[in-house]
Amino acid sequence: MTSTGSFLIVVGFDGSEYSQAALDWAMDEARQRNGRLRLVTAWNKPPMAWYPAVLETAAGEIAAEESPERIAQTLQGEAVKSAEDSGVTATGQLVGTHSPASAILDAAKDADLIVVGSRGHGGFPGLHVGSVSTQVVNHAQCPVLVVRSNGAR
Numbered sequence: 844m845t846s847t848g849s850f851l852i853v854v855g856f857d858g859s860e861y862s863q864a865a866l867d868w869a870m871d872e873a874r875q876r877n878g879r880l881r882l883v884t885a886w887n888k889p890p891m892a893w894y895p896a897v898l899e900t901a902a903g904e905i906a907a908e909e910s911p912e913r914i915a916q917t918l919q920g921e922a923v924k925s926a927e928d929s930g931v932t933a934t935g936q937l938v939g940t941h942s943p944a945s946a947i948l949d950a951a952k953d954a955d956l957i958v959v960g961s962r963g964h965g966g967f968p969g970l971h972v973g974s975v976s977t978q979v980v981n982h983a984q985c986p987v988l989v990v991r992s993n994g995a996r
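Residue numbers (this note's numbering): 844 to 996.
Read the hints as simulated data drawn from the structure, not as lab findings.
Accuracy of the hints is not assured; some may be wrong.
Claimed, not checked - Below, simulated DSS-like cross-link-like pairs (lysine-lysine); rule was C-alpha separation at most 27 Å, straight line:
(1) 888 to 924
(2) 924 to 952
(3) 888 to 952
The task is simple: from the sequences and hints, build the whole structure.
In structure tokens form, the structure reads like this:
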């Protein structure tokens, strides 16, 4: 247990259905333990993206694409609000990194539990467990729960 006496659950959240399932599980656990959540959302800037992407729509209008950091900030803000609306104390941590697993592990140094989805937005849909959850399980210093989505096959 952490030094504050409150059970701390770190949740990796990327907006995928798997991370939403992890967040739902973590919120339920936090309510049962009178604990709190720390949501970690990692983002990275694609190579060669030194300027905002500008797109032309089919109607000929110009639209600017949101940055990965802004998208992550919006996703995390909605997740923190959802947790707080359900009666759970939650904070968010945005991390600009190429290693989401490292971001989760760093944020969990004082955690009692880490909860991650079994996979995220990665490019191999047939995998049952993604690379981030595998790295977190193999390197965490506290228990880890890997949650599959209810819609997972």
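Going through the hints against the structure:
1. The hinted pair formed by residue 888 and residue 924 meets the criterion: a straight-line CA distance of about 25 Å does not exceed 27 Å.
2. A C-alpha spacing of about 24 Å is found between residue 924 and residue 952, which places the hinted pair at or below 27 Å, so the restraint holds.
3. For the hint linking residue 888 to residue 952, the alpha-carbon distance of about 25 Å falls within 27 Å, and the restraint holds.
Violation of the numbered hints given earlier is absent; every hint is satisfied by the structure.
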